Amino acid sequence: MFGKLTLDAFHHSSMIIVFANAIMIGTGLAVVAALTYYRKWGYLYREWFTTVDHKKIGVIYIVIALIFLLRGFIDASMVRAQQATAGPGMDGYLEAGHFAELFTGHGTMMIFFMAMPFLVGLMNIAIPLQIGARDVSFPLLNAVSVWLTAAAGALVMISLLVGSFSEAGWSGYTPFSGLAHSPGPGVDYWIWALQISGISTTLTGVNFVTTILKKRAPGMTLMRMPMFTWTVLCTSILIVVSFPALTAALALLALDRSAGTHFFTSIMGGDQMLYINMFWLWGHPEVYILVLPAFGIFSEVVTTYCNKRLFGYTSMVWATMAIAFLSFGVWVHHFYTMGQDPLRNSIFGIATMIIAIPTGVKIYDWIWTMFRGRIEYKLPMLWTLGFLITFVMGGMSGVLLAIPGADYKMHNSLFLVAHFHNVLIPGTMFGLLAGFYYWFPKVFGFRLDEKWGRHSFWGWLVGFYVAFVPLYMLGIMGMPRRMVTYDNPAWHFWLVIAAIGAMIVAYGIFAMFMQIYVSWRDREKNADLTGDPWGGRTLEWSIPSPPPEYNFAVVPEVRDRDAFMEMKVSNRAYERPAAYEDIHMPKSTPMPIVVAALSFVFGFAYVWHIWWLAGLCVLGTVAAVIVRSFNEETEFVIPAAEVEADEDAFHRRLKDADVFERIKDIEEYGDERTPNGQFVEPTTRATSGLPG
Amino acid sequence: MASSPSHDLNRVRAAARADSEVNFGFWAYLMSDVVLFSMLFLAYVNLSQRYAGGPTPGDIFSLHGVFLETMALLASSLTFGLAMVSLHQGKKNHIIGWLLATFLLGGFFLWHEVSEFVHIIHEGASFDRSGFLSAYFGLVGTHGAHVFFGMIWLLTMVAQVALRGLTPAIGSRLARLSLFWHFLDLVWICVFSTVYLPGLIQGGSA
Chain A
1 MFGKLTLDAF
11 HHSSMIIVFA
21 NAIMIGTGLA
31 VVAALTYYRK
41 WGYLYREWFT
51 TVDHKKIGVI
61 YIVIALIFLL
71 RGFIDASMVR
81 AQQATAGPGM
91 DGYLEAGHFA
101 ELFTGHGTMM
111 IFFMAMPFLV
121 GLMNIAIPLQ
131 IGARDVSFPL
141 LNAVSVWLTA
151 AAGALVMISL
161 LVGSFSEAGW
171 SGYTPFSGLA
181 HSPGPGVDYW
191 IWALQISGIS
201 TTLTGVNFVT
211 TILKKRAPGM
221 TLMRMPMFTW
231 TVLCTSILIV
241 VSFPALTAAL
251 ALLALDRSAG
261 THFFTSIMGG
271 DQMLYINMFW
281 LWGHPEVYIL
291 VLPAFGIFSE
301 VVTTYCNKRL
311 FGYTSMVWAT
321 MAIAFLSFGV
331 WVHHFYTMGQ
341 DPLRNSIFGI
351 ATMIIAIPTG
361 VKIYDWIWTM
371 FRGRIEYKLP
381 MLWTLGFLIT
391 FVMGGMSGVL
401 LAIPGADYKM
411 HNSLFLVAHF
421 HNVLIPGTMF
431 GLLAGFYYWF
441 PKVFGFRLDE
451 KWGRHSFWGW
461 LVGFYVAFVP
471 LYMLGIMGMP
481 RRMVTYDNPA
491 WHFWLVIAAI
501 GAMIVAYGIF
511 AMFMQIYVSW
521 RDREKNADLT
531 GDPWGGRTLE
541 WSIPSPPPEY
551 NFAVVPEVRD
561 RDAFMEMKVS
571 NRAYERPAAY
581 EDIHMPKSTP
591 MPIVVAALSF
601 VFGFAYVWHI
611 WWLAGLCVLG
621 TVAAVIVRSF
631 NEETEFVIPA
641 AEVEADEDAF
651 HRRLKDADVF
661 ERIKDIEEYG
671 DERTPNGQFV
681 EPTTRATSGL
691 PG
Chain B
1 MASSPSHDLN
11 RVRAAARADS
21 EVNFGFWAYL
31 MSDVVLFSML
41 FLAYVNLSQR
51 YAGGPTPGDI
61 FSLHGVFLET
71 MALLASSLTF
81 GLAMVSLHQG
91 KKNHIIGWLL
101 ATFLLGGFFL
111 WHEVSEFVHI
121 IHEGASFDRS
131 GFLSAYFGLV
141 GTHGAHVFFG
151 MIWLLTMVAQ
161 VALRGLTPAI
171 GSRLARLSLF
181 WHFLDLVWIC
191 VFSTVYLPGL
201 IQGGSA
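Protein chains in written order, with this note's numbering: chain A, 1 to 692; chain B, 1 to 206.
These are computed hints drawn from the structure, not numbers from a lab. Because the structure is a prediction, the values reported are computed rather than measured. All the given hints hold, so there is nothing to weed out.
Which chain B residues face chain A? A few, computed with CB under 10 Å, are given here:
id	residue
1	Glu-21
2	Phe-26
3	Ser-32
4	Leu-40
5	Phe-137
6	Thr-142
7	Thr-156
Non-contacting residues of chain A with respect to chain B, defined by C-beta distances greater than 12 Å in every case (computed):
id	residue
8	Leu-7
9	Gly-89
10	His-98
11	Val-496
12	Ala-506
13	Lys-525
14	Pro-590
Note that beta-carbon positions come from the ideal geometry of N, C-alpha and C, so glycine has one too.
Please work from the sequences and hints to get the whole structure.
So this is what it looks like as structure tokens:
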């Protein structure tokens, strides 16, 4: 009846896990009680659980990401605390198995449930607004995606309570993740959490490829797209082409574990290297899936806060595409030491190093954009500067690791751990936070507090260096990654420093939550009434904050890059049409939460081999899709009068804030124009302006 | 909405275009499915010689059965093509007829495949016997599962055409199902030439 699930699964020998569960259940009950007390369930259901609005879906993604940022960070701190208190003559406070669950959970959560949802959340918020669309191509699919991510996250959460999580590392290498070596439910939880969130991401990729290629406002040619849109297009293509490799690898691993097949076993003709190749065929493009949109965010931030057009837009586009293409040709560098011949290693080593070239192009494009710009040191700009310096360092250690000979020394050491944190934290995390501060006023209608934001930035930046420079040192000193204890006394000092670094980052995270609270408390003072708090250049800043459900009362006409800035320059900004039209928008529906709930139960049932329940969930999902396909009343109409009333109110606010007067003075994009109205490419200007 | 039937038919035809927004999205999904199958082909090619002392392709494949399956699936692509021709002509009953014919041919294919599976499992060549057999069942089974879901989709579309008639939404869905069905045919050609032909040539029996 309940498969392998017995009361034993609820028994935890570690007091830490019992305590963590108490906190998790206590927080959950408190939230439920508060929602009930304030009678918010109806509101939540109508406005959030059933919504298909891309802006709200973006917010839900980011809420999921922030929850898992906390959980992933707690895991990281526990790992640091263990290594700082273990070593010669000390035992630390964790058992080896629990320690392994922590580093597995940290990696899994940070990649799949923090970085990805954060990224997809920002995509959801910004992309339709940047391309002048009223929603994504498939709003229902979008809602299915977000709730599938939530369901997958819930599987990770419940593994803390029922059973245990994987001990096989975030990459789940076979044969260790096979049944013979990991008989418990942990790897199964890991498989189904990743599988469900991976499918959700694939659907998101399909959705955004279609949205960007098919839903752009008239006049927005590919080479007029904002840089963030370009990078999200590349990322979405990468998602569509790489995530199925993960889906396949996980599905075959699940079959190995539950049906007794021999895809990746070490006996009966299985091939463990097959898994590792398939995993990194997805895993390496995934790195660029995470980092490219952050590059797009930095491009938006640099142009906005330097009041200039992007230097070398075309080279930036080509660099992005080149990185996306090359990302499929480097996966073997994750396992140089696993027995292929030197020729093959050399090929992949060279391919890996070549990626540094387009990345370098990007770095120079940002620097030249800043050069002679009027830089405003707002929060997103701080994160961008922190990124530039820190990321170059991480990139350098990456080129070092790309050399097979050097990698034989460095692989599986803390040097590697330092390297990928050194690219992913500035490259992805700083980018996501820059985007968070940049678009926050657009979504909520008020700016985030600068003071606490600066505290947060310095906490992250200083904490990062204090935490990870010691790991580079330890790697060079020969310390392998993932050690629960060690007997080399020379390592201990650096591990204590690294733990202090984690505490400084903790302050940065604390300051960020304080910042959100303080800004919310002072939301009247921080209000953004004009929809354009930063003097923005792209279309999302041409509409109110928060935007109405339909985004654009009239679909804008695009005439150049930096479309909104062009409108300001040519006095077309905020133009009103002769008459407004009715707008058709998709209706809310509970179908996505039904499908997500069924997926969660399916995952749970599969983990515990409750086959009848898993089967019912599959049937239920198919039935939900079929029932939905018979529903033809999927849209509703917002009448033209309502749109006009919204616009009237918006224009009154613009007038009160003197926006019309102020934009009259804007004569240029921040670049000079030639007499025939063409823009001078910043190249000439920047070069001629060089001192000496 | 008083529009003439021919005007409606034009809207249905427009919705069934392969490059409409929603159908473009479906192409993107099919690309992801291509990668999924590529991984399974990769697994098969990699594991196809790893018999672990168990049965080899020559022991379990029969060209006779595979030939019948292949013909049924190819014929089902033809019948689906005819269903789409009927859609463009606006002939509702013909569409239903051709969709049902497609369903039956798909059903024959699947029934044959499953009985082959049952047969070789009874002969001791189950998916847990060797890496080769795991990869064989994994690849061919995934294709079969796609055909199965395609058949559920076919029945749903038969019901929708019968109940709702030819609306643009249904024309658009039929265009996507058509893409999906032809795609499965294409994958099967790859399965045939990657799994069965080399297996039988090596095995030396037919």
